[in-house]
Amino acid sequence: MAKLTARGRVESGSLQQSGFTLIEGVMAIAIVGISFVAVFGLVSIADRSLQNTIEKERMKMQARQIVETVAADLQGQCDYTGSWVAAGGGVQCPPFDKKAMPVQQRMARWCQRMEDGLTTSRGDQRTVRVRPLTGGQPCSASNASQRVIEVVLKANGGRAQVVMKQVVYVSP
Amino acid sequence: MVELLVAMVVSSIVAAAAYGSYSLIKNQYDKVIEVSEMHGTGRSVLDLMSRDIRQTGYHDYCLGHLSQPIRIQSLAGALTEMITIQYDDGPALNNNCAVQQPNVDRMRISYYACDRPGALACPPTGPYNLYRTKEVLIGSTWSSTQGSCASGGRQAPCYSGPNSALIADGVDDLQFTYDVGSGYVVDISMIRRSDKEYGSTAKPFPRKSGRHYLDSRTEGKGLGKQDRYLRDEFFSTVILRNLAATDLTQVPIFNAIEETLSFGGGCGGANQKLYAFNADGSNTIGKLCCGSRTEINCLATATALANAFNKHLRVLNIPYTQGKVVALGGVGPDAKIQVQARKANGGWQTKDFFPQR
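Chains as they are written, first to last, in the numbering used here: chain L, 1 to 172; chain G, 1001 to 1357.
There's no promise every hint is true.
The calculated DMTMM-like cross-link candidates involving lysine to aspartate or glutamate, where the alpha carbons are at most 20 Å apart (straight line), are [said to hold, decoys possible]:
| no. | chain 1 | residue 1 | chain 2 | residue 2 |
| --- | --- | --- | --- | --- |
| 1 | G | K1026 | L | E55 |
| 2 | L | K60 | G | E1037 |
| 3 | G | K1208 | L | D116 |
| 4 | L | K60 | G | E1034 |
| 5 | G | K1026 | L | E57 |
| 6 | G | K1031 | L | E55 |
| 7 | G | K1196 | G | D1169 |
| 8 | G | K1031 | L | E68 |
| 9 | G | K1203 | L | D116 |
Simulated from the structure, these hints should not be mistaken for lab results.
Working from the sequences, and respecting the hints, build out all of it.
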């Protein structure tokens, strides 16, 4: 007749069988489970981090392309100043209007491109600003020979951000 | 035996989980590398194109004006576009044309996305290769036979023949927009895709619905509807400083904006300008529009003009004091706008404009 001893070994006549108790088994599974959770936690963090890297890479490219275009368009340069972030913190893109002027079309396209490729949440910033290098006057066709183009992009609630500036020389 | 089986099962689970994690991370890592490579190559290609396009219209004093400094055309069947530009490549101007300038080449350079070089008809969908084709129309070395320029002094014509080079692959679309009105700028837009597919589900491009930032022809192609490739759009804007300078000094028509316009009594009032729309303007097909920077009012219609002009000439800005439109018309290759420009010493000079041939 087999019986369970205090140490958990099963004694059956003269033959003794040794193995794991239920508690040992449960503990082992719990430890393995905890390590899985920890490993998956790390994987998740690494995954998010790589996703942020892709997002930031995309933002850098967007910012650079925006600065390039604004720098090239000397005629409409001052009209590029604007922000797509509404008072509540969300991003609101203007509709793309094929009848609009090139400046408005580009602004709408840039905003939609960013909304397409970036994670949007409160605290984001999408701003383009063109101002004279010196003085506090707003940008106008006649008031500066040097202008600063500034693009500030924040995505994912501000966790990823890109600030890019370029000085351009124009004839007043 | 039971313990062994349990141990093997647990080990297998651990190994499977470890492999799953590794696979996930590796996939993401590969994706980062691929995105980085796509962006790097995309920017390099755009920089290369921008450098060439920026030179458009520069001409040597002795070689005279360029016949057609810029041309944008659609490639049959593909909906992608080809840009062809001309400029003189050589040392600074020399106004003594009796002296030979053996180092000046008149170049004609084309950029286009197609499955093979030199074709004007391509498959309807990508991916395409991006090619740069260079021709030397008048070379610094002489020959009377096309394609066999010999060494010696320049005696035109010395034609090199087209020489195509593969610039990039994986290009789904390439579009150009030439906007004369806002200062002689060319917008370049290129969509490039990854070498491999990523993820497990097909994703659309644009990624979110209701986005209309792409060119209308690209949207119509439904890029990425059923595949798992990564895609990104690369864009840049280049000012054609040589063309702007040419017009400013010779025919001062397009050099100012925000001026009163006159087109047969069409536009009037301060800050009104004339806009010409065509097929790209959807509901403005066949219309001439007057308006200001923020609002465009399409009242006048001119079907002939709309048919004639391709989408690249979106805005015409003509200061009334310096020029006026005297005639327009024609369809396709015969399309033109004839304007009269006031000369510096008085009187009017007539000039025909042929948009984007």
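Hinted pair, alpha-carbon criterion (20 Å max): L:K60, G:E1034. Please report holds or violated. With Cα atoms ~16 Å apart, L:K60 and G:E1034 stay inside 20 Å; holds.
Given the hint that G:K1031 pairs with L:E68, does the C-alpha gap stay at or below 20 Å? violated, 26 Å
For a C-alpha distance cap of 20 Å, please report whether G:K1031 and L:E55 respect it. holds, 12 Å
Run the distance test for L:K60 versus G:E1037: straight-line Cα separation, threshold 20 Å. holds, 14 Å
Keeping to a limit of 20 Å between CA atoms, is the pair of G:K1026 and L:E57 held or broken? holds, 18 Å
Is the Cα-Cα distance between G:K1208 and L:D116 20 Å or less? Cα-Cα ~6 Å, so holds.
Please verify whether G:K1026 and L:E55 have alpha carbons no more than 20 Å apart. holds, 18 Å
Check whether the Cα positions of G:K1203 and L:D116 lie no farther apart than 20 Å. holds, 12 Å
Holds or violated: G:K1196 and G:D1169, Cα atoms, limit 20 Å. holds, 13 Å
The structure does not agree with numbered hint 8 stated previously, though it agrees with all others.
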